[in-house]
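First to last, the sequence lines map onto chains F and B.
Residues in the first sequence are numbered from 1 upward in steps of one, following my numbering.
Residues in the second sequence are numbered from 1 upward in steps of one, following my numbering.
Keep in mind that the hints were calculated from the coordinates and are not lab data.
As the structure is a prediction and not an experimental result, all values here were calculated from the model.
All C-beta atoms, glycine included, are put in the ideal place defined by N, C-alpha and C.
You may find that some hints are simply not true.
Stated by the list, open to error - Quick list of the computed label-pair ranges, beta carbon to beta carbon: (1) P42/F x T66/B: 33 to 39 Å; (2) L10/F x A11/B: 58 to 64 Å; (3) V36/F x P150/B: 17 to 23 Å.
Said to hold, decoys possible - Some chain B residues well away from chain F (every beta-carbon gap over 12 Å; in silico): (4) L15; (5) D110; (6) P150; (7) F153; (8) R243; (9) I259.
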Amino acid sequence: MTIRAPRQPLSLRLTLAASLTLWCLIAAFPIFWITVMSFNVPLDAFAASPWDVSLARSPAHRARG
Amino acid sequence: MKFRTFAAFIAPSVLMMMIFIAAPLVSEFIQSFYQTQPIVDMVQVETCTPGFVTQTCVTETKPRPTPDDAGKMRTETNFIGWQRYGNVLEPAKARDAIRNLDPAALLAIDFWGALRFMLTFTFITLPLVIGLGLAIAIVVNNTARSVRGPVIFVSLLPFIITPVIGALAIRWLFVGDGIRTRAMEHYSGTDIAIFAQGRAIEILMMFFRVWHVAPFAFVIFYAGLQGVNQDSIEAALIDGANRFERLRYVVIPHLMPLIVFVTLIHLMDAYRVFREIVGFRAEAYVRSLQYLTCDYLSPDNTGNRAISRASASSMLTMIGIVVLLIPLLRRTWRDHQGSC
Numbered sequence: 001m002t003i004r005a006p007r008q009p010l011s012l013r014l015t016l017a018a019s020l021t022l023w024c025l026i027a028a029f030p031i032f033w034i035t036v037m038s039f040n041v042p043l044d045a046f047a048a049s050p051w052d053v054s055l056a057r058s059p060a061h062r063a064r065g
Numbered sequence: 001m002k003f004r005t006f007a008a009f010i011a012p013s014v015l016m017m018m019i020f021i022a023a024p025l026v027s028e029f030i031q032s033f034y035q036t037q038p039i040v041d042m043v044q045v046e047t048c049t050p051g052f053v054t055q056t057c058v059t060e061t062k063p064r065p066t067p068d069d070a071g072k073m074r075t076e077t078n079f080i081g082w083q084r085y086g087n088v089l090e091p092a093k094a095r096d097a098i099r100n101l102d103p104a105a106l107l108a109i110d111f112w113g114a115l116r117f118m119l120t121f122t123f124i125t126l127p128l129v130i131g132l133g134l135a136i137a138i139v140v141n142n143t144a145r146s147v148r149g150p151v152i153f154v155s156l157l158p159f160i161i162t163p164v165i166g167a168l169a170i171r172w173l174f175v176g177d178g179i180r181t182r183a184m185e186h187y188s189g190t191d192i193a194i195f196a197q198g199r200a201i202e203i204l205m206m207f208f209r210v211w212h213v214a215p216f217a218f219v220i221f222y223a224g225l226q227g228v229n230q231d232s233i234e235a236a237l238i239d240g241a242n243r244f245e246r247l248r249y250v251v252i253p254h255l256m257p258l259i260v261f262v263t264l265i266h267l268m269d270a271y272r273v274f275r276e277i278v279g280f281r282a283e284a285y286v287r288s289l290q291y292l293t294c295d296y297l298s299p300d301n302t303g304n305r306a307i308s309r310a311s312a313s314s315m316l317t318m319i320g321i322v323v324l325l326i327p328l329l330r331r332t333w334r335d336h337q338g339s340c
């Protein structure tokens with residue numbers, strides 16, 4: 001007979017999922033950002049909104065047309 | 001296995017280790033006791049500059065390298081004993097600083113300042129790397145099989161990327177008005193200049209090291225978790241052990257050899273901290289012995305390299321690593337003896 005470990009409570013599962021998501025964000029974001037910056041000018045690194053830079057809507061993008 | 005077969009099997013590895021590891025170390029050790037200098041003649045040099053009525057002339061005695069018949073600079077090598085170790089350690093200054101209870105004076109000496117930084121860096125990052133790696137491994141091991149592959153891939157990214165590029169990636173987030181600094185300024189309402197403070201840069205360097213190395217610890221521990229004895233887990237369940245107790249008394253003892261392995265690797269690697277200093281351009285605030293060694297090897301204004309001082313600094317780095325590893329190696333040896 002195999003003894004099964006008790007099922008994880010919902011709160012624990014949510015905590016683990018949130019921690020893992022946070023870790024994945026921390027692990028991937030610098031690499032994502034440097035990838036985005038490889039398609040942009042250095043000025044974009046100091047843009048107010050990373051979303052604008054990621055979606056090619058930063059002032060530097062607009063200036064370049 | 002016959003000894004002859006065993007010897008033939010390991011001979012190529014031993015030979016390579018002798019050539020590429022032992023020989024350079026011995027050479028470096030020998031070089032730390034010798035000094036090579038150009039042979040110079042002291043000559044009188046008269047330098048004249050235009051002046052009103054008459055020119056102004058100054059006569060100085062200057063060293064001038066003497067070339068050989070082929071026109072190359074002649075050098076001489078002298079045995080200088082422990083002098084270079086004294087130059088690096090500066091024992092008299094260090095003794096005075098300790099006697100006067102003046103830590104600032106002690107840390108102003110290159111070697112002792114570097115030692116303080118290397119030890120702080122190593123011993124703060126070590127538990128974070130082990131703890132974070134273990135935590136990620138346990139969480140990934142408990143997550144649904146369908147998401148494990150992508151999560152493992154993303155988790156390994158910081159370890160896969162070239163360290164200097166990784167350091168630059170983190171630096172760009174925090175430098176000047178980088179997006180992380182802007183976010184922190186937005187939430188705190190204060191102006192933040194991380195790269196204007198030595199301590200803040202040190203923390204950022206430690207963050208980078210943990211970010212970069214924790215995936216290595218994770219993948220080692222995750223592999224170890226696949227081999228946890230299920231009978232022991234079931235026995236612990238029958239005995240009424242909760243999750244924490246199963247982790248404490250079954251899982252961690254099973255992973256202990258891997259924890260020791262990761263600790264050994266991390267101690268060796270973190271004590272030689274170098275790429276963070278280059279990546280974060282932190283040499284004005286903190287330096288390690290490896291950075292000092294590299295610095296000594298850079299040509300000075302006259303084109304000379306302080307090779308003997310660099311060798312002494314390198315030897316002191318190696319001695320430091322050996323001292324750090326001795327307790328772990330003793331433990332591993334005891335475990336090995338116990339299991340035989």
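Here's how the hints hold up against the structure:
1. P42/F x T66/B: 33 to 39 Å: violated (50 Å)
2. L10/F x A11/B: 58 to 64 Å: Check passed, 60 Å falls within 58 to 64 Å.
3. V36/F x P150/B: 17 to 23 Å: holds (20 Å)
4. L15: The claim stands: L15/B keeps its Cβ more than 12 Å from every Cβ of chain F (closest is about 40 Å).
5. D110: holds (31 Å)
6. P150: Incorrect as stated: the minimum Cβ-Cβ distance to chain F is 9 Å, not above 12 Å.
7. F153: violated (10 Å)
8. R243: About 8 Å separates R243/B from the closest Cβ of chain F, which leaves it inside 12 Å; violated.
9. I259: Nearest chain F Cβ is 19 Å from I259/B, so the label holds.
In summary, the structure is inconsistent with hints 1, 6, 7 and 8 from the numbered list given earlier, while agreeing with the others.
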